[in-house]
Amino acid sequence: MAELSFVEREMSGWGRLAPRTAAVARPQSAAELDTWIGRDNRPYLAVGARRSYGDTCANDGGPILDLTALNRFQGFDRRTGVLTADAGVLLGDLMQVMVPKGWFPATTPGTRQVTLGGAVANDVHGKNHGKAGAFGTHVLAIELLRSDTGRRWISADSEPELFAATIGGLGLTGIICSVTLQLVPIASAYLHNETLPFANLGAFFDLSRSSEAFEHTVAWIDCTARGPALGKGVFHRADWAADGRLEPHRGAPKSLPLPIPDGLLNPLTLKAFNTLYDGLQRAKPRRSTEHYAQVFHPLDGLDGWNRFYGKAGFYQYQCVTPEGSETAVRELLAVISQSGEGSFLAVLKAFGARPSPGLLSFPMAGYTLALDFRNRGAETLRLLERLDQIVSVAGGRLYPAKDARMSRVMFEAGYPRLDEFRRFRDPLCQSDFAKRMML
Amino acid sequence: MTKVIVLGALSAVAEQTARLYAAEGAELMLVGRDRARLDAVAADLKVRGAVRAEVETMDLAAEAGEARFQGLIQALGGVDHVILAYGVLGGAEVEADLGAARALLDVDFTSAAIWALAAANQLERQKGGALVAIGSVAGDRGRQSNYVYGAAKAGLAVLMQGLAHRLSRSGARAVVVKPGFIDTPMTAHIAKGGPLWARPEAIAAIVRRAADKGGPIVYAPGFWRLILLIIRTVPSPVMHKTQL
Numbered sequence: 002m003a004e005l006s007f008v009e010r011e012m013s014g015w016g017r018l019a020p021r022t023a024a025v026a027r028p029q030s031a032a033e034l035d036t037w038i039g040r041d042n043r044p045y046l047a048v049g050a051r052r053s054y055g056d057t058c059a060n061d062g063g064p065i066l067d068l069t070a071l072n073r074f075q076g077f078d079r080r081t082g083v084l085t086a087d088a089g090v091l092l093g094d095l096m097q098v099m100v101p102k103g104w105f106p107a108t109t110p111g112t113r114q115v116t117l118g119g120a121v122a123n124d125v126h127g128k129n130h131g132k133a134g135a136f137g138t139h140v141l142a143i144e145l146l147r148s149d150t151g152r153r154w155i156s157a158d159s160e161p162e163l164f165a166a167t168i169g170g171l172g173l174t175g176i177i178c179s180v181t182l183q184l185v186p187i188a189s190a191y192l193h194n195e196t197l198p199f200a201n202l203g204a205f206f207d208l209s210r211s212s213e214a215f216e217h218t219v220a221w222i223d224c225t226a227r228g229p230a231l232g233k234g235v236f237h238r239a240d241w242a243a244d245g246r247l248e249p250h251r252g253a254p255k256s257l258p259l260p261i262p263d264g265l266l267n268p269l270t271l272k273a274f275n276t277l278y279d280g281l282q283r284a285k286p287r288r289s290t291e292h293y294a295q296v297f298h299p300l301d302g303l304d305g306w307n308r309f310y311g312k313a314g315f316y317q318y319q320c321v322t323p324e325g326s327e328t329a330v331r332e333l334l335a336v337i338s339q340s341g342e343g344s345f346l347a348v349l350k351a352f353g354a355r356p357s358p359g360l361l362s363f364p365m366a367g368y369t370l371a372l373d374f375r376n377r378g379a380e381t382l383r384l385l386e387r388l389d390q391i392v393s394v395a396g397g398r399l400y401p402a403k404d405a406r407m408s409r410v411m412f413e414a415g416y417p418r419l420d421e422f423r424r425f426r427d428p429l430c431q432s433d434f435a436k437r438m439m440l
Numbered sequence: 046m047t048k049v050i051v052l053g054a055l056s057a058v059a060e061q062t063a064r065l066y067a068a069e070g071a072e073l074m075l076v077g078r079d080r081a082r083l084d085a086v087a088a089d090l091k092v093r094g095a096v097r098a099e100v101e102t103m104d105l106a107a108e109a110g111e112a113r114f115q116g117l118i119q120a121l122g123g124v125d126h127v128i129l130a131y132g133v134l135g136g137a138e139v140e141a142d143l144g145a146a147r148a149l150l151d152v153d154f155t156s157a158a159i160w161a162l163a164a165a166n167q168l169e170r171q172k173g174g175a176l177v178a179i180g181s182v183a184g185d186r187g188r189q190s191n192y193v194y195g196a197a198k199a200g201l202a203v204l205m206q207g208l209a210h211r212l213s214r215s216g217a218r219a220v221v222v223k224p225g226f227i228d229t230p231m232t233a234h235i236a237k238g239g240p241l242w243a244r245p246e247a248i249a250a251i252v253r254r255a256a257d258k259g260g261p262i263v264y265a266p267g268f269w270r271l272i273l274l275i276i277r278t279v280p281s282p283v284m285h286k287t288q289l
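These protein sequence lines map, in sequence, to chains A and B. Each residue of the first sequence is one higher than the last, beginning at 2 in my numbering. Each residue of the second sequence is one higher than the last, beginning at 46 in my numbering.
Treat the hints with care, as some may be off.
What the hints assert, rightly or not - With a straight-line cut-off of 27 Å between C-alpha atoms, the simulated DSSO-like cross-links for lysine-lysine are:
no. : chain 1 : residue 1 : chain 2 : residue 2
1   : B       : 258       : B       : 286
2   : B       : 48        : B       : 172
3   : B       : 172       : A       : 102
4   : B       : 48        : B       : 258
5   : B       : 258       : B       : 172
6   : B       : 91        : A       : 102
To be verified - Derived DEER-like restraints, expressed as beta-carbon distance ranges:
no. : chain 1 : residue 1 : chain 2 : residue 2 : range
7   : A       : 41        : B       : 281       : 44 to 50 Å
8   : B       : 123       : A       : 245       : 32 to 38 Å
9   : A       : 200       : B       : 257       : 52 to 58 Å
10  : A       : 421       : B       : 122       : 28 to 34 Å
11  : B       : 266       : A       : 305       : 15 to 21 Å
12  : A       : 149       : B       : 250       : 53 to 59 Å
13  : A       : 245       : B       : 112       : 29 to 35 Å
14  : A       : 203       : B       : 46        : 57 to 63 Å
15  : B       : 170       : A       : 6         : 42 to 48 Å
16  : A       : 303       : B       : 244       : 14 to 20 Å
17  : A       : 421       : B       : 240       : 46 to 52 Å
18  : A       : 61        : B       : 257       : 27 to 33 Å
19  : B       : 266       : A       : 230       : 47 to 53 Å
Said to hold, decoys possible - Among the chain B residues that face chain A by a calculated CB cut under 8 Å, a handful are:
no. : residue
20  : 88
21  : 89
22  : 93
23  : 96
24  : 97
Please keep in mind that the hints were generated in silico from the structure rather than gathered at the bench. Beta carbons: idealized from backbone N, C-alpha and C, even for Gly.
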């Protein structure tokens, strides 16, 4: 029987903030992964595509189990759309196989380069949160490998508490080996999309409310706009087409040429980019029919875009503030635009009321704002702390998958079910995020 | 639909090649040693579109032969493509242990040659189909670091070249695909990175294409043809000063 074999590799989260050398094993079979049990008493972390930005996918010093080679489908019922697959299957791979059959994940995050296991462990969400809820809402069962109880299938019926802890549980309740997922039927790989420019934040809130009939909604905000134009941007709303064109996305993404000069992004280039983008999108509302890859995964066409921010890496900040927190969103954008530090890609969208299934799920009804900040050391951290204060006062929280720096107090305040969660920790699963939060 | 026998179906390149066939709706016979892993691969290929995915557990190095090959064809109900993809990587350690050297040659050359001959006999009789074997650029010049492995792959390449010649009159084809560095479990212990390393998916696409056209010798990716042309022409006194 094959044993786990470890090699030293340098790894960091998607934000490239703190590269660390870690011993990594990439098991090729379920049996090889099972040799983890009883191997030693070190704290392991299972990882997928490592698209989390900070340290939820890092385990400094401790060993890492890379599950991306366990990427096989196990079974699919084309009448019901129920799919079972290894946790290492990429959502992109899933779409390539399932779209021609007329099925799609009920919701998809902004990149399809994430694994099924990662999508569950972070209870990811998409542009249709109002209709579909978070990813975990559609998970029927999980095969979990725990250091204390071994490998077994769990569901909301069989072990509701452990199941709820595992969805959004950051891989800390055991190793997610397989997932059974309810897909949704689609009649096309394309969506009817409306692009609506709006003048300021007030107009965004109006559009957001009047667009509730659309399945997918999201806005891009120009972070450089101030004063009466604060929060101006472009609103996208889309529904699946029904034209029968079940064509999956194609081809490998383009690579960025290397090396990319440090400091490519500064307030000037930022302004230039936003102005350009604004120009492209401006004028009148526009209707178009676009492929899901364009609508859902605009950055997947550019492999390694995270290198854009140079050697020092970057922070992504994603918060949610509850319903009725329009003032908080305004304050956040005001601080960001004043700082001149925000990225060109600020995403603002409404979360719906569907409760998330996980004890540590991020989404809640309200507004979620996400954007990148180039790492400029203490200055950046101070700015993010100012944003934290606004989020805290509003009763909101931050998304662990994006985080590399929030305080323990902030985390504990944002996730009231933390104590329940702690009971389901696997004693031999660990991450730098968990250590930092003393989870 | 295309009927494909994959000898060594658990190798990374073979599995990725099988996925390409599955997406076309092929019928596959997967041969390897580990039943549980073969079953997992078969289930995966069926979801991906394979009309059939049968498995046969076998020690390919020990059981090579005409009868065994005919058994596989019978189970599949015919054959169009044969992918010969199993093998072991060996370095200088086989110099100290000649038993290990013999074992490596048995796996990578002797048994592979027998399977290739059995497949060629069938394809010649049916006047169609393709045999694709995975070779290696290591077979293009003997180097101190892995010349026993290289010799086995060199022998296999010459055998495939000869089969391509023989089959050319029949309508069947034989191709040897020679990959360079591939990021697979077989090379997990080697530090990777840089443009010379290819992903198994990329090699698989070349293998799949080779079953339809090209050959008889295909480098994967193609730039290795040029690199090996240069390496073959390096004079021995120069070569002997290197650690390659």
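Interface hint for residue 96/B, Cβ within 8 Å of any Cβ on chain A: violated (14 Å)
Chain A contact restraint on residue 89/B - CB to CB distance below 8 Å: holds (4 Å)
Pairwise beta carbon distance, residue 266/B to residue 230/A, judged against the given window 47 to 53 Å: At 51 Å between Cβs, range holds.
Range hint compliance [Cβ, residue 303/A to residue 244/B, 14 to 20 Å]: The hint (14 to 20 Å, Cβ to Cβ) holds, given that residue 303/A and residue 244/B are roughly 18 Å apart.
CB-CB spacing for residue 112/B and residue 245/A relative to the 29 to 35 Å hint: The hint (29 to 35 Å, Cβ to Cβ) is violated, given that residue 245/A and residue 112/B are roughly 49 Å apart.
Outcome of range test on Cβ distance (residue 266/B, residue 305/A; 15 to 21 Å): holds (20 Å)
27 Å Cα cutoff - pair residue 258/B, residue 172/B: Since the Cα atoms of residue 258/B and residue 172/B sit roughly 16 Å apart, the hinted pair holds (cutoff 27 Å).
27 Å Cα cutoff - pair residue 48/B, residue 258/B: holds (17 Å)
Beta-carbon spacing of residue 41/A to residue 281/B - inside the hinted bounds 44 to 50 Å or not: Between residue 41/A and residue 281/B, where Cβ atoms are some 49 Å apart, the hint holds.
Outcome of range test on Cβ distance (residue 61/A, residue 257/B; 27 to 33 Å): For residue 257/B against residue 61/A, whose Cβ atoms are near 48 Å apart, the range 27 to 33 Å is violated.
Cβ distance range 52 to 58 Å for residue 200/A and residue 257/B, holds or violated: holds (57 Å)
Closest C-beta approach of residue 93/B to chain A relative to 8 Å, hint status: holds (5 Å)
Taken one by one, the earlier hints fail for this structure at numbers 1, 3, 10, 12, 13, 18, 23, 24, listed in ascending order.
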